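Asker: Each chain, written out:
2 protein chains.
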Amino acid sequence: MTIPGSIGQVQTQTARLFTEQEPLRLASGEWLGPVDVAYETYGTLTPAKDNAVFICHALTGDAHAAGLHSGAKRPGWWDNLIGPGKPLDTNRFFVISANLLGGCQGTTGPASIDPATGCAYGLSFPLLDMADFVTVHRALLAHLGIDRLLAALGGSLGGMQVLQWALTHPEQLTNAAIVAASSRLTAQNIAFSAVARRAIMDDPEFHEGRYAERGVVPRLGLRTARMMAHITYLSEDAFSEKFGRTPHPERDKPGFGIDFAVESYLDHQGRVFLERFDALSYLYLSRVMDYFDPFSRAGVTDLIAQCPVNFLVMSFDTDWRFSTEHSRRIVKHLSNAAQPVTFRNIPSSWGHDSFLLPVERYHDTLRAWFTRALQEGLR
Amino acid sequence: MTIPGSIGQVQTQTARLFTEQEPLRLASGEWLGPVDVAYETYGTLTPAKDNAVFICHALTGDAHAAGLHSGAKRPGWWDNLIGPGKPLDTNRFFVISANLLGGCQGTTGPASIDPATGCAYGLSFPLLDMADFVTVHRALLAHLGIDRLLAALGGSLGGMQVLQWALTHPEQLTNAAIVAASSRLTAQNIAFSAVARRAIMDDPEFHEGRYAERGVVPRLGLRTARMMAHITYLSEDAFSEKFGRTPHPERDKPGFGIDFAVESYLDHQGRVFLERFDALSYLYLSRVMDYFDPFSRAGVTDLIAQCPVNFLVMSFDTDWRFSTEHSRRIVKHLSNAAQPVTFRNIPSSWGHDSFLLPVERYHDTLRAWFTRALQEGLR
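In the order they appear, the protein sequences are chains A and B. In case it helps, this note's numbering puts the first sequence at residues 547 to 925. In case it helps, this note's numbering puts the second sequence at residues 547 to 925.
Hints listed in this document are in silico derivations from the structure and should not be mistaken for laboratory results. Treat the hints with care, since some could be wrong.
Claimed, not checked - Keeping only pairs whose Cα atoms sit at most 27 Å apart, straight-line, the calculated DSS-like set for lysine-lysine is:
no. : chain 1 : residue 1 : chain 2 : residue 2
1   : A       : Lys619    : A       : Lys788
2   : A       : Lys878    : B       : Lys878
3   : B       : Lys799    : B       : Lys788
4   : B       : Lys878    : A       : Lys788
Stated by the list, open to error - Distance windows between CB atoms, simulated:
no. : chain 1 : residue 1 : chain 2 : residue 2 : range
5   : A       : Pro661    : B       : Arg797    : 49 to 55 Å
6   : A       : Pro795    : B       : Pro750    : 55 to 61 Å
7   : A       : Ala618    : B       : Val762    : 42 to 48 Å
Remember, predicted model here, so these are calculated numbers, not experimental data. We put the beta carbon where it would ideally sit given N, CA and C, even for glycine.
Bound-form chain A, shown alone (with noise of 0.2 Å):
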């Protein structure tokens, strides 16, 4: 299957990073092994290995960020912004995708087998933090390789994994993209999050995690999880634009069903969710969002200050998961450890997902970015 400006057919691939015997150390002080991460790579590392752009997913994401694979209809979830002649173009870079720690797309999470008991790890799987996505996508670039990254690129979640990356390994990264993100939750977002796992934790098929070994999943709490989650990703604005107050096509009388289009959107939302997602990783991933605060650290800026990355930072204006008081507070912290930083706050009508669509200033203004990263990484 041959699109024009699409990179065709890709797999994921999978690398044992860690193993039992040699575990990876988590921030927390505790032990993981094994750690297998699931990834995908497009475009072609040069031989000098300096077009290597790292791709960090957001709360729900893959490593399948674009491409296709083999069967599926759809392309990866970031395919309208990578691939030949695309903002990150995979005629020039060499890009790099992968799961994170703690994730269920192929890279080593709560649902993994725990190797002491044969079963699933369930709640018994460690509390993650944003560091140890940065290690495990550290080690992945070690296996593949590649010692220094050309750019870092992420979205919300992505993004805070990118600033993790930055302020504590900058040597490893010329420039780092850090787009609809934030570096301390709001009481409120913590709030969504908090009703979230609340919804998972209680449903009666959640049996304190240990689900999987029943054969049954928590479904209505992960479907309510994910309704949810969708109302904060898109602007109210954006809502009244798709759907308005349309009835749902197939409703015939009213009552407590789909009686509009919205609530046919969530119901659908909810239901595809159910088919790719794992209870536990959400409640893994989502929990590091919440305790992510990389700012309020002593001295946590003494290594870009000796080091510097050149930052991109973006918001989008009818963002109100990640406002874009969020990115000006990263840049304002930034700034003033005296890293160059670019800060763009881009119109778009959708909200947080705005990350994740073809706006077009916003993939004009990554396609400049990229464009300069590369020309004055070849200087």
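Dock chain B against chain A, hints included.
Answerer: Relative to chain A, chain B alone:
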């Protein structure tokens, strides 16, 4: 017990306004009987019966708006507004507050016994319309021997009832105060209610609405619904100011429990709600709000054009449940119908909840408005 400015002890009374033989005709054309209504009154009706003010409550309110029930520690939900010397001064006004149709605190609703079966109605309770609330309020007025109100006042869903009342029976209202309300929910508004309803109906203890017969309650769904709703009742700034990222004092170590103060707040709100509210009422009353859209009906302002009402429309600048735009839309429609409308967008950091709080400019505005209403009434 005497508190200065307090009404003191009050009691909820119940009146049978419709019987099985003479049932209530709903807007849908269906019949419902018997219909009992729980209500309270405060202050003294003048011999001329010209000082009556009707209070319409919001989604989860009840008849107990002011004063203290015997043995209670907390007064009614609008006690800061209603009482001797308070903005709605019970030395001057006769205040009536009734639990609305479909509710669960004394007025007939889906948890009431269906005389046809001897069991709770459950989902066989008829769907309601905003007009039905007003029909029952009017029947209560007739029961009390009052033809005409000096004013009706309500916040949120209460304001929607006041608007409906003024549009359909303007001859009965001299003044109408509509606070933090909407004449037309947005897709996002509907989305939040849809997820709440889904959480309730998905709860395994919902049993298609027949949970009462089994002696259970869909606690998990109702709690999730309430926790989510509370996020929309406060502004993001209010959450930040009230809780920020403060850890919960009883947290021993990070996990998936109550780690942050904001999680403790939501947990508390969810739990206390279970003690006082019925899941079916939540479904029925929230659905009425979704469908409310009076200005979309042809000729809806014909009656007020003939018989103007003095409107006061108020919003709160940080309310994102029903933002100021909702109130502006109401003002625009009323102004187009040549109604005398006073509009105030009150600065308050508390969001939608402000209508329940003693926000100074809000209370001052209501005090002045009620004083003027009484003076004009005496002229």
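Asker: A separate judgement is required for each hint: does it hold in the structure or not?
Answerer: These are the hints, each one checked on the structure:
1. Lys619/A to Lys788/A: holds, 24 Å
2. Lys878/A to Lys878/B: violated, 41 Å
3. Lys799/B to Lys788/B: holds, 22 Å
4. Lys878/B to Lys788/A: Holds. Lys878/B to Lys788/A sits at ~24 Å (cutoff 27 Å).
5. Pro661/A to Arg797/B: 49 to 55 Å: Distance hint for Pro661/A, Arg797/B is violated at roughly 31 Å.
6. Pro795/A to Pro750/B: 55 to 61 Å: With Cβ atoms ~30 Å apart, the hint is violated.
7. Ala618/A to Val762/B: 42 to 48 Å: Given about 44 Å between the Cβ atoms, the range holds.
Of the numbered hints stated above, those contradicted by the structure are hints 2, 5, 6, listed in ascending order.
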